[in-house]
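Novice: Line by line, the protein sequences give chains A and B. Taking this note's numbering, the leading residue of the first sequence gets 28, the next gets one more, and so forth. Taking this note's numbering, the leading residue of the second sequence gets 2, the next gets one more, and so forth.
Heads up, a few of these hints could be off.
As the list claims (entries may be wrong) - Below, computed lysine to aspartate or glutamate pairings styled on EDC-like, alpha-carbon distance capped at 20 Å:
id, chain 1, residue 1, chain 2, residue 2
1, B, Lys234, B, Glu244
2, B, Lys249, B, Asp200
3, B, Lys147, A, Asp297
4, B, Lys184, B, Asp213
5, B, Lys168, B, Asp213
6, B, Lys147, A, Asp62
Just so you know, the hints here were simulated from the structure itself, not pulled from any lab data.
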Amino acid sequence: MDISVLINALPGALAQGLIWGIMAIGVYITFRVMDIADLTVDGTMCTGGAVCIMMMLSGQNVVVSMIVATLVGMVVGMVTGLFHTWMGIPAILAGILTQLGLYGVNLKIMGKSNQALNVDKYDLLVSLRYVRNIEWYKNTILIVAVFIVIIVALLYMFFGTEYGSALRATGCNPNMARAQGINTNFNKVIALMLSNGLVALSGALIAQYQGFADVNMGRGAIVIGLAAVIIGEAVFGKIFKNFALKLLSVAIGSVIYYFVIQVVLWIGVDTDLLKLFQALVVAVFLAVPYWKKTIFNHSAKKVVKANDTVEKEA
Amino acid sequence: MLEIKDIYKTFNAGTINEKTALKGLSLTLEDGDFVTVIGGNGAGKSTMLNAIAGVWPVDHGQILIDGVDVTKLSEHKRAKFLGRVFQDPMTGTAATMGIAENLALAKRRGKMRNPFITGIKNSEKAEYKELLATLGLGLEDRLTAKVGLLSGGQRQALTLLMATLQKPKLLLLDEHTAALDPKTAAKVLETTDEIVNRDKLTTIMITHNMKDAIVHGNRLIMMMDGNIILDIKGEEKKKLTVEDLLHKFEIASGEEFTSDKAILG
């Protein structure tokens with residue numbers, strides 16, 4: 028086990044972690060702000076990548092391709108949103124349905140299961156080739172970091188506005204929101220569009236980074252997104268109270284996740300088992316708040332009982 | 002101000018759990034009426050308020066608020082006419098948001114929420130501080146505190162403030178003191194009276210407590226089996242005692258009033 032192998036792999040892990048961090052911020056919006064577990068993202072990830080790659084292959088500019096990929100992602104989010112609000116399908120199932128449908132859509136967009144893009148022939152914004160030995164301003168790590176800072180700043184401002192506050196209220200307490208005249212169904216659709224737009228943008232960046240789009244590229248993306256959200260909260264939850272910092276901690280959580288994966292690979296863990304490892308780690312982390320609560324309630328009951336006896340004696 | 006015409010509502014129609022909660026209920030409120038509503042469990046009290054608020058559509062009938070037919074309007078669209086406080090202190094506020102943020106949400110009830118304008122203007126904060134001070138709960142110094150940290154009584158008082166921040170056409174109070182300890186409940190009721198009198202709000206207040214129902218408001222209605230069986234107003238209401246009410250109930254319903262809670266409460 029040569030430590031230099033690991034060190035050499037770290038810039039790549041950082042770049043990947045940051046790109047997936049954009050997706051994780053999208054997951055944060057649905058999962059934490061809106062209290063919806065949106066499984067659409069597994070499909071949206073690939074849709075974003077596929078649209079971006081196909082547009083570039085047909086000669087479109089990289090910026091235009093990425094904007095269109097993001098917009099298509101938003102349409103996908105709208106579909107899940109309408110499944111949920113207009114057709115009354117539970118949010119999780121709505122996401123699964125969209126994701127399943129997207130498999131076919133993604134295949135049709137690409138024409139086959141995999142489409143590659145030659146990094147030498149196209150002018151890409153990010154690539155695994157642009158991580159080292161390149162002018163600083165072309166470095167993928169810097170470019171994606173700038174993306175994240177801009178996205179976090181925009182989201183921070185947006186969620187502080189009148190409408191953004193209404194979105195947060197919708198996620199926090201829909202009954203209260205409706206009593207205050209907030210259209211909760213409409214807001215859920217908007218949040219899902221916003222979230223899936225970010226996921227598709229992330230997918231477009233990943234496809235460029237790895238040089239291809241693949242129909243399976245989003246498999247398990249929601250799990251990575253959740254992992255990033257949970258790691259970010261576990262590491263920074265106590266110190267980051269501000270909404271912008273919370274979003275940032277999610278992106279950092281994604282980077283930590285990719286570092287851990289690199290270490291796991293470096294140790295020599297069977298890559299076939301990687302997804303199993305991911306699933307178990309996320310399961311345990313999701314369980315922690317629940318365990319904390321049940322244990323806490325247990326001790327709270329004891330306190331109440333103690334008070335009761337005091338009152339009776341008095 | 003409010004006209005309810007012959008509304009019916011059945012839950013779980015066609016199943017073994019079928020329950021007709023409202024059976025041809027009609028009620029008209031004058032501007033400035035403060036009506037207290039009593040009745041046993043399942044009498045249809047909360048169902049009536051939910052029908053007015055539009056939580057679900059009614060099966061039959063018509064609801065007009067200030068002359069506007071709202072029967073087919075969705076809950077969030079009717080909200081611009083209504084201030085609501087719920088039985089559960091958790092229902093009326095957003096726990097993860099600050100006190101001022103909650104007030105700012107209420108301030109914009111029934112208005113377009115702009116995605117480019119900040120959620121709370123600085124000028125609002127001073128106003129909220131003043132309003133919170135009137136509650137006498139020390140909340141005026143905790144504008145940014147998360148509402149989830151407040152006690153049940155504080156949350157109900159805040160919800161009351163939110164419901165009336167923009168003068169509603171109709172204030173709906175659904176047993177808003179039932180989940181509170183007696184002392185806090187009395188304080189919240191006192192605040193309710195102050196606000197209702199100050200703004201001359203048309204109000205419907207459900208309560209389980211006969212004494213509260215008699216002391217507050219200018220009109221009292223009693224519900225049973227999805228309809229109104231007693232409607233007492235004016236001078237008669239002012240002179241009303243718990244004994245009178247029990248007597249009237251027996252005559253109106255043809256049975257004895259058996260709920261200890263209602264007598265003792």
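Novice: Would you mind marking each hint as holding or not holding in the structure?
Specialist: Each hint tested on the structure:
no. : hint                : in the structure
1   : B:Lys234 / B:Glu244 : holds, 17 Å
2   : B:Lys249 / B:Asp200 : violated, 32 Å
3   : B:Lys147 / A:Asp297 : violated, 46 Å
4   : B:Lys184 / B:Asp213 : holds, 13 Å
5   : B:Lys168 / B:Asp213 : violated, 24 Å
6   : B:Lys147 / A:Asp62  : holds, 18 Å
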